[in-house]
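J.: The lines below spell out each chain.
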Amino acid sequence: MNKELFIFIIIASVKVLLVFGAVQFMVIAMIWLERKIMAHMQVRLGPMRVGPHGLLQPIADGIKLLFKEDIIPQKASKFLFILAPIMTVVPALVTFAVIPFGDTITIFGRSIDLVITDINVGFLYVFAVSSLGIYGIVMAGWASNNKYSLLGGIRSSAQMISYELTLGLSLIGVVMLTGSLSLVDVVNEQSTLWNIVMQPLGFFIYAASAIAEVNRCPFDLPEAETELVAGYHTEYSSMKFATFFMAEYANMISVSAIAVTFFLGGWQGPFLPPVVWFMIKLSACLFFFIWIRSTYPRLRYDQLMYFGWKFLLPLSLLNILITGLIMVIKG
Amino acid sequence: MITITHYLVLSAILFMLGVVGVLIRRNAIVIFMCIELMLNAVNISFVAFAYHLHSMQGQMFVFFTMTVAAAEAAVGLAIIVAVFRNKETVNIDDMNIMKW
Amino acid sequence: MESYLFYIVGTIAVLAAVYLIFERNPVFCALYLIQTMVCIAVLYILLEAQFIAAVQMIVYAGAIMVLFLFVIMLLNIKGDEESKRSFPFRKIPAILMGIGLLTVICIILKSKLLQGKQDVYTVAHIESLGNTQLIGNLLFTDYLLPFEITSILLFVAAIGAIMLAKRKL
Chain A
31 MNKELFIFII IASVKVLLVF GAVQFMVIAM IWLERKIMAH MQVRLGPMRV GPHGLLQPIA
91 DGIKLLFKED IIPQKASKFL FILAPIMTVV PALVTFAVIP FGDTITIFGR SIDLVITDIN
151 VGFLYVFAVS SLGIYGIVMA GWASNNKYSL LGGIRSSAQM ISYELTLGLS LIGVVMLTGS
211 LSLVDVVNEQ STLWNIVMQP LGFFIYAASA IAEVNRCPFD LPEAETELVA GYHTEYSSMK
271 FATFFMAEYA NMISVSAIAV TFFLGGWQGP FLPPVVWFMI KLSACLFFFI WIRSTYPRLR
331 YDQLMYFGWK FLLPLSLLNI LITGLIMVIK G
Chain B
1051 MITITHYLVL SAILFMLGVV GVLIRRNAIV IFMCIELMLN AVNISFVAFA YHLHSMQGQM
1111 FVFFTMTVAA AEAAVGLAII VAVFRNKETV NIDDMNIMKW
Chain C
36 MESYLFYIVG TIAVLAAVYL IFERNPVFCA LYLIQTMVCI AVLYILLEAQ FIAAVQMIVY
96 AGAIMVLFLF VIMLLNIKGD EESKRSFPFR KIPAILMGIG LLTVICIILK SKLLQGKQDV
156 YTVAHIESLG NTQLIGNLLF TDYLLPFEIT SILLFVAAIG AIMLAKRKL
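Residue numbers (the numbering used here), protein chains in the order written: chain A, 31 to 361; chain B, 1051 to 1150; chain C, 36 to 204.
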């Protein structure tokens, strides 16, 4: 094996491990932060017993889930039941492969881009991967052989198909301004002005449909506790349940990372190092998710569909039209 | 070394499996899936030819095939849902009102 | 390296297609078809058609197959296939016909009838322009009329689907 290839493989694996580790850490941190922030917004204290201010709560939860009995329902389709959590978590994690989280740095005279891989169809890659995430949920809903799970699965398939459309269309405006599908180019384009200034409507549509896409409140119909017990993961316990939980948070982090990349200037920012800027913006987006969850009640299913098809979709088409018109007028 | 013939043979095998599926299955939705498989098989040979002949036309054709497949899937599934409402079955042997 | 990848992915695609046509449960059929489609997307990447590969994943794997699964789950279709009216022994002639078809195609492939003119878009040329940019350019110049016709087709299909599936208008 030649030397260059060897070094390339080493660098790539280190980057993958770093990003993967960071995402895992953020998932654990998010579980604690979400409970704490929501508690304080609702004038409660949240977890307080395990460690100072309940800091060790996620670890305690993890150990609890690890030692719980792993139940597979008797009438369930066993193979799909086991495959479903994996199918949910993998697409959520793979999205990070194209997200640039820092500028090019130089170590030992070798310049390294702080992005796992920069592909020229990065934008399409993100959607190709995120559109696969739905299968995990649908499979979990069907394989459990439980009517609440099945309803959750049916709901999520209709909901995610509807909102994926607006999610894609909301980002088209940014792609038009940039003239490239590579996420690295999108970030470089924003060195002077963030895209959120040029595309406020696009950002609004993206935010709304991203929340629906990752099944978070107020669009968490697939797992609505009050009507469907827990939706598609009613029958899951132990580590499989933990995997679903992790997938939900990883999805949140990945759509936030895309929002940062496309609208909030990626890692660009003064004074602080790029990676720190990226993390600050990412945290702000994640805080926004928690904020929304503790503020709004859940929508009804017909309201959700109405909002998606009759409000967000025309609005996103309008956004593309306006962007195109302004680009033509400005030349 | 992989030549265009490899891709064309793979495409032919997948197309053949699609045809056999249409003939032996009786479930309307599965027949539909087999038709999608046939469309996909043809798409492989389009892209393989495009690569072999250094042309973009093959890829353009695949693009249009995909839009047609999407339209076909939407209308076809709507028809299946409508038939199911009337007859409570998707087995095509039971859909024989037009037969004497 | 690339040839190994072709053989592995091609084998998986063919196996999944075989399972698709012999599996009784429609949900599993849909999942096998998704597997075939993902494999085909990988083949597109091997053939330097990144845009088509991404669209294959988004449109086929991400949208059309979800629609199939949605309908299967909504109608709760079980695996029972044989009806009283089914024609018996139809499998054997069908498989024989399939093998015949494959033989005919292979004979045509061997006969070197399939010749074509070489065009200018070599791999290096496509890479210098960008696969997606090239397709975009062609769509809005040479293929503008078919492109617009497909948009009308999709529009009509959407209206037709709503008309058919709605209980009462």
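The set of hints was computed from the structure by calculation and includes no laboratory data.
There could be a bad hint or two in this list.
[What the hints assert, rightly or not] Interface residues of chain C toward chain A, partial, derived using beta-carbon atoms under 7 Å: (1) GLN85; (2) ALA89; (3) ILE93; (4) LEU104; (5) THR167; (6) GLY171; (7) LEU174.
Heads up, the beta-carbon is just placed ideally off N, CA and C, and yes, glycines get one too.
J.: Okay, which hints does this one fail, numbers in order?
T.: The structure breaks hints 6, 7; every other hint is satisfied.
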